[in-house]
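Participant: If you follow the hints, you should be able to join the two separate chains into one complex; please do so.
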Amino acid sequence: MVAGKPDSHRHSSKIPALGLRFLLLAGLSVVLLIVDHRENHLDALRKTIGATVYPLRVLVDAPVSAWRWIGEATSSRSDLRLENSRLNTERLLTQARLQRYAALEAENIRLRAMLDATSGMTSQVRVAEIMSVSANPFRHVVVVDKGTRDNVFDGQAMVDANGVVGQIIEAELLSAQGLLISDPDHALPVEVNRNGLRTIAVGTGQFDRLDLPFLPNNADVEEGDLLVTSGLGGAFPPGYPVATVDSVTRVPQESFSVVTARPAAKLDQVREIMLVWTNEAESQSPQETTAQGSADE
Amino acid sequence: MSDSRGDRRWPVILCFVAALMLAIAPMPDWAVPFRPDWVTLTLIYWVMILPHTYSVGSAWLIGLILDVAQGTLLGQHALALSLVAYVTVKFHLQLRVFPVSQMTATVFALLALYQFILFWINGVAGINAAAVTYWGPVISGAIIWPVLAMFYGSVRYRVRG
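Chains A and B, in that order, are what the protein sequence lines are. Quick note on our numbering: the first sequence kicks off at 1160 and runs consecutively. Quick note on our numbering: the second sequence kicks off at -12 and runs consecutively.
Same shape as in the complex, but just chain B (with noise of 0.2 Å):
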């Protein structure tokens, strides 16, 4: 079970690393209520390929990261994180399986749980922002997904072949 484990470790791992650092890289004003969740994204496309490797308990440490680098609540991203990798370990045989197009559905609905969870958070704690504004990641990670996902594709015949 664990003979290829090393391998594959250090790519995904370099995925997750980039993922973090366009999360917090610095955007025009214009464009960063459109910045896509990147590390929600990278974190669906692996929990999905390796789900024995990669599932809730990663996606609550990157997510405890998240937070201490965007200066949220600490668990806020964690919990939404986890949530999202509860779901596609759940689902994780039927989405390989799905064409691009159903594929970038359920992403979309993914990521809107996630901002969802979010938005929820930030209610309760009394931090307020317009509703629309949590939309902006959701459409532009599921635009960015099926490029993504590709990306990924070839990340991982590479690491394997």
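Chain A extracted, bound-state conformation (with noise of 0.2 Å):
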């Protein structure tokens, strides 16, 4: 059934200049790839081209949030009540936290009006839904459902409820792309919280593993030290999580110790991500940004 008869109608099975087109073509795609790589000038191409895959993305999202969405619908009222005793007791701890934390933001005003210091950033956040992640094994990056149009800009730092998860690379007018930290091209300024150790986490291809190539044996690292962002790239705002370190392994004849750390964020569960606009972020240009080529800080 496969091998079915040739089309009646078509007598030449000549196709005029096929070699010329192919060779054209080729041609052509050898200059987008090597303009792709070399600098980024093909944005306005990428959006253009972004626009009609827009649809796509939309429709093969709209089976898991019609499934959603019956859940929602669906689930019986025991359900939805407890839910909402959980989420009252989580809301309470949560104020409690905050509680805490307003104390502290104010002493921190204080002390740093104290020093005449710059006073800390304000950051905004808005919450967008991961609407795909990436079709291809090798690239860590999820598609967002907020783009240009809610002044969603390249290089804006996307974080959850536990630590940073990466940042967009591509803005679209609906949509935009993000880089996930793990990702194998992405490398993110971190510092240890506990002494201020500056240094650079460069993703694995591996959703729950983060390197830190460039630490040396004499560092003061540990297992179970929190990694913060240092906010020293520009692209992210200082004093988020980022990962704990879960091995420390020095190899005496090498000048770096192997160092991994497990992302706190839950890159392969996230469903919802906040989009973090400081005043400071927007100011600066987005060039600035750590994703492209690993680690050159």
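Please note: incorrect hints may appear among the correct ones.
[What the hints assert, rightly or not] Cross-link-like lysine to any residue pairs, in silico, SDA-like; alpha carbons within 25 Å at most: (1) 77/B to 1175/A; (2) 1206/A to 12/B; (3) 77/B to 1179/A.
[Stated by the list, open to error] Derived CB-CB ranges, DEER-like: (4) 48/B to 1355/A: 51 to 61 Å; (5) 1283/A to -4/B: 42 to 52 Å; (6) 112/B to 1355/A: 30 to 40 Å; (7) 1239/A to 96/B: 55 to 65 Å; (8) 100/B to 1203/A: 41 to 51 Å; (9) 1267/A to 111/B: 30 to 40 Å; (10) 1207/A to 5/B: 16 to 26 Å; (11) 1239/A to 92/B: 27 to 37 Å; (12) 126/B to 1409/A: 40 to 50 Å; (13) 111/B to 1211/A: 19 to 29 Å.
Simulated from the structure, these hints should not be mistaken for laboratory data. Ideal placement from N, C-alpha and C gives every residue a C-beta, glycine not left out.
Facilitator: Pasting the structure below:
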């Protein structure tokens, strides 16, 4: 059944200038590849084609959304009550924690004023939903449902309730692509929360592992250390938790120790993320991001 | 030459849209390395059947859309798909009369060629990944080909008849 009869009304099997057309298109592809790899002048083209891909993404996402809607609409009253009470307790706990935070913030502002330092930055967050994840297993890219219409910009930080998730690499009109911190191309300036030691956390392509390849053997880092963003790359606001160090191996004859960390955010489970606007980040050029070329700080 | 073109264009375009959707649909983590190259398989079939309507040009455009959808370098899938289309057009008369087993073997080779181009461009651009992972889509694509070709065959006869 596969080998059907040839087209009855097409007598000639020859396609005119096929080789020539192929060579032209191949040449055009190579030019596109080089231009796209070397510099980022093709954003406009990408955005134009991206607009045609957007309806496809919505269609692909539709069954998942529908299923969730059905699940919500048909969950029983007792389930809802249970969830309600659970959320209530959670809210109380969070509020208690927030009160402490408010006191700390007030103290912080007072101390900063005393030091005559610049005031801490105010940041705004907005929740965005992840519409799809990359089909390409070598890239950890997600698509979120907010775009330039909602003031999303290239290089913007994405966080979830537990820590840093990644950053926006391409804002389209209605959606945006974000690179996760676990992508092999992603490098993030971090510091050890305990002593302020600065280093770079590089993605490995696994959702539950980051590498810290630039720590010398005598660096003061231990298992269980919390890594937070240092804010030095300019892309991320400082102080967000990134990962916890889960193994430190010192090899005597090597100059760097092998340190791995587990991301604080559940990168393979998040569905909603928060986009962060800081007053400083918006005025800075998004070119300063650390996404391209691992670790060139 | 063009009297029946209009009728048969829409079902084929729908096949490509469905293939693109399958190419970006979310899958469980363990299955992702074995996601068949739906777009490539669809392209091979329709180029083989209608080489005058769909050849390197359509392949290139679809490849460009795939590049944007998957966030790869612009032109990577475009180059690989147009090469696959070129080879398919060259051999479309032989392919049409092959028995299923021989055809599946040819499709396997075409898929391997496609993945090789992707692998090569990734290598030149400095995006590293284990070479083994490129074999997943080739194997799953060859396994799914007979079923897919049967399905597209039914689409094709329905369009005609």
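Participant: Against each hint, give a clear statement of whether it holds in the structure.
Facilitator: Here is how each hint holds up against the structure:
| no. | hint | in the structure |
| --- | --- | --- |
| 1 | 77/B to 1175/A | holds, 12 Å |
| 2 | 1206/A to 12/B | holds, 20 Å |
| 3 | 77/B to 1179/A | holds, 13 Å |
| 4 | 48/B to 1355/A: 51 to 61 Å | holds, 52 Å |
| 5 | 1283/A to -4/B: 42 to 52 Å | holds, 48 Å |
| 6 | 112/B to 1355/A: 30 to 40 Å | holds, 36 Å |
| 7 | 1239/A to 96/B: 55 to 65 Å | holds, 56 Å |
| 8 | 100/B to 1203/A: 41 to 51 Å | violated, 32 Å |
| 9 | 1267/A to 111/B: 30 to 40 Å | violated, 50 Å |
| 10 | 1207/A to 5/B: 16 to 26 Å | holds, 23 Å |
| 11 | 1239/A to 92/B: 27 to 37 Å | violated, 56 Å |
| 12 | 126/B to 1409/A: 40 to 50 Å | holds, 42 Å |
| 13 | 111/B to 1211/A: 19 to 29 Å | holds, 28 Å |
In summary, the structure is inconsistent with hints 8, 9, 11 from the numbered list given earlier, while agreeing with the others.
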